[in-house]
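Once you've looked at the hints, go ahead and assemble the two chains, each given alone in its own frame, into the complex.
Listed below are the residues making up each chain.
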Amino acid sequence: MSMRIFEGFKFSKLQTPIHTMDPRAKFVMIMVVFATSLLFTNVLVLTIIFLGQLPLIWLGRSLRRWAGSMKGGVLLAALIFIMNWVTGSTFTYSLAMTIRFLGLLSSFSIFFMTTSPDDLGLALEQAHVPYSLCFTFTTAVRLVPTMAVDAQTVMDAQRSRGLELDKGNLLRRVRNYIPVLIPLIVSAIRRSVELAEALESRAFGLSSKRQPLIMLRMKGSDYLVIVVSLLLLVLAVWVSLCVQLPSIEIPLQFPRIW
Amino acid sequence: MITVRNVRYVYPNGNEVLRDISLQIEDGDFVAIMGENGAGKTTLIKTFNGLLKPTAGTVLVDGVETRKTSVAALARSVGLVFQNPDHQLFCETVKDEVAYSLRNFGYPPDVIERRVRGILETLDLTPYADLSPFMLSGGERKRVALASVLVSNPKHIVLDEPTIGQDYQQKDRLRNFIVQLNTQQKTVVVVTHDVEFVAECRPRVVLLSKGRIIADGKAETILANEALTEKASLLRPQISLLFSSIAGLPRDVIDVFSAKAVIDKTIGRLKQCR
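Top line first, the protein sequences correspond to chains A and B.
Okay, so the first sequence: first residue is 55 according to our numbering, each after it adds one.
Okay, so the second sequence: first residue is 14 according to our numbering, each after it adds one.
Chain B on its own, in the form it takes in the complex (with noise of 0.2 Å):
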């Protein structure tokens, strides 16, 4: 569990990024955060696993204060992944780069050598795993970099921007992956302004607005209010424009399933009126 307790962020050069911020993630929750470049989602996901130290408030995972223990120590529950691949990818080899938290967390040989196997084919990287991380391409080093915390089985899984250079196919494989570590009762938390993956997915959404939570609940209920989106620049999905303009139809339908299932049963109803 993840609980944020009254807190502030202020950068050194007085730059206030986290205003106040109460929030609890319960084990196995699935969380999206949102809101405008430079709303602080970047910066809170910073303080689960203690990096940035609240300036005031607390955090604490899984009980214990982030403030009282180290980075690699909250690393073993936390898994946090970057935006950018290239801030962390350094060895010769796809492989060796998987294992290398792994290595810091001191697992055996076998046990890095099985585990690494098990999250390259889940992750379609097989094949890249005896080249270097440095000539794939930025959706592949996305993908490597995503292994490499994923391969130490972290109870708490941060991404931030997971769905960036990521073709249709792979956003869809990266969904079901999400969707299977969060039945698994693994916490998902996602930094995203992808409004189209948070309405195929439906987490529970947290929208920030300059350092504020001015929004937490079902991403039905948020992605189709049109005034909480705009606060937090973002535009709903389009099958919520779309539903949202057509009188008398639903207006908390958000993706193309349940657009379907509306649809369906008002064609039903038609055929049954004929």
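Here chain A stands alone, though its shape is the one from the complex (with noise of 0.2 Å):
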């Protein structure tokens, strides 16, 4: 197994109108998909959601790492249809569910694959977020790569003691990755006190007031992007309130075990 799902939320430095976008404008246009993915469940407008972030995620080139990141996605997204349906909501709602997760899990990784860990330290700071909070955030950011190399490893020292994850039924496989897990929170623990040690030598958090060396700017089209964005979600709480929406039924439903 690999860890190719984090490579849809890996930031890659490249010269694109969304990787050169501000961060806070970002945040606004990424944060009204999550909104407007959240007022609806109709199945058709969860589809426009889902697929209108496809001429963005293009823009970013970034298309091949994000169906990396839908990939990975597929089973978590499996397991919410099946759920739904099973649990006895119907087949078009249960749908509508995984698009709305499928959209979730795009918006999420558009952000991250195209906005650095520093930009977004900076627009935190600058939105007078607490420097302590700010770092953290960062951090956190930035270790996701190395917690997914240490992720290779730790699979692979398993695997060489004779742990065969894709083994047994779907709870066997669940605890394969018990010996997986356990080293990989652990070695994340130890890290993150080695860290703070290594912080606090270097005296972290003496001057509570602190001059960045970069400014984050607004240009135009990022004012515009925010001005969009917000008019979107007016349109979205409009429609979602006051128009009646078709909906496909798909007269499919799973037979009450309970």
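Don't read these hints as lab results, they were simulated from the structure.
Small disclaimer: the values here were computed from a predicted structure and weren't measured.
Check each hint, because a few of them may be wrong.
[Said to hold, decoys possible] No farther apart than 25 Å at their CA atoms in a straight line, the calculated lysine-lysine pairs in the DSS-like style are these:
| # | chain 1 | residue 1 | chain 2 | residue 2 |
| --- | --- | --- | --- | --- |
| 1 | B | 59 | A | 221 |
| 2 | A | 221 | B | 81 |
| 3 | A | 221 | B | 66 |
| 4 | A | 125 | A | 221 |
| 5 | B | 81 | B | 66 |
| 6 | B | 223 | B | 59 |
| 7 | B | 231 | B | 244 |
| 8 | B | 184 | B | 231 |
| 9 | B | 184 | B | 59 |
| 10 | B | 168 | B | 231 |
| 11 | B | 66 | A | 125 |
| 12 | B | 199 | B | 168 |
Below is the structure:
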């Protein structure tokens, strides 16, 4: 098993309109996608929200890595679908919830693939979030690829001791991951303790007022993105409240088992 | 026997780490793979148990091509101990941790119990048997990781940087243990930067640099060669540096034991001359 899913959330330095967009504008845009996804349960609207993100990913030249994150999310998406359907939801509703999940996954994927952790930290700092919180957040984001490498090494180490991850039924397969998860969590905790000690040794948190070297400046296009995003949100709220949306019902019901 | 034939390995990011490696490791060989950081040492040993399948070329373990079998099947004959013990420890007690691979291989409980007791004794871990591996020091955790692989008695043992974090006494015990394994006809492959350790063990040395084998031969020939060691970013053993700086002394002396023999002989000759 590879850690390819993380590729879909890893920043890569490219010069595209999405990469150069101000992180705050991008954040507003992604939050609008997030909010509208939660606003609707209609399968058509959720499909539009999902597919509507494709041009953005194409503009950010990240289609292949996005596909990787989608591939990684397929199992969870399937689980969402099955759980909804088995517990009495209609086929269309279960499908809508699955598409909603994929849409949310896509929006986060776009954000993290095209925003450098440094820019993200700067954006948070300039939004007057306390520096220690900004630092924690950017460090967490930055450690994702390291954790992915660690996860691969742990899997290799356990496979060398005879562990077969894909062996057995679903429950057994989940249990197979215990020998992978525990060393991963323990080494993450160890690393964070070491990092904290290293930071304290270098006088982290000594000055309460920090002066950033780089200041983020919003461009005209960034303001445009924010305005368009907010207008779309208003439109979405209006549609959800006042418009009768067409719906497709597929009359497929899972037989009641309880 | 491990046979590596014209192996190339390219990571998915396009980084070519192994370039046309051919190597034959006979049963009962003791080999040290050395080279600079990023030379491809760890990548090479990961092809021995099928964790990495070569991009080109073949790796055969006892005649079986690693591409055609599973890691779990190869793990029975190739025991690979990773560099960082924290990448594998997860059980509540040292005893359980060591028994883990035996349980995976389906051994009966009495065999597991006996083998675990034996290996804990050999590696000086018996007092820690019921402790959590996470409570131990770095060096002790490293020995637990080693025990957890050796307990299944694999025919070929591959160790990635086994001496890191070990004090001198433990290193000495490890050296004796490896030599003992080797006398039991086990193949031992060690990846290490520790020239002094290699000088004392005297294995066959395979020197890697930038993904290619630049030398393969006796430790005393390779480690005393200034040009080769420099190319692989290694510093010659201190004894070798000393002996090569004194005119008239043999150049292939790399450890204190052979140095002592040479000095004793020289002193004896001087006494005779008097």
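Results of checking the hints against the structure:
no.	hint	in the structure
1	B:59 with A:221	22 Å, holds
2	A:221 with B:81	18 Å, holds
3	A:221 with B:66	20 Å, holds
4	A:125 with A:221	21 Å, holds
5	B:81 with B:66	10 Å, holds
6	B:223 with B:59	17 Å, holds
7	B:231 with B:244	17 Å, holds
8	B:184 with B:231	21 Å, holds
9	B:184 with B:59	24 Å, holds
10	B:168 with B:231	23 Å, holds
11	B:66 with A:125	23 Å, holds
12	B:199 with B:168	5 Å, holds
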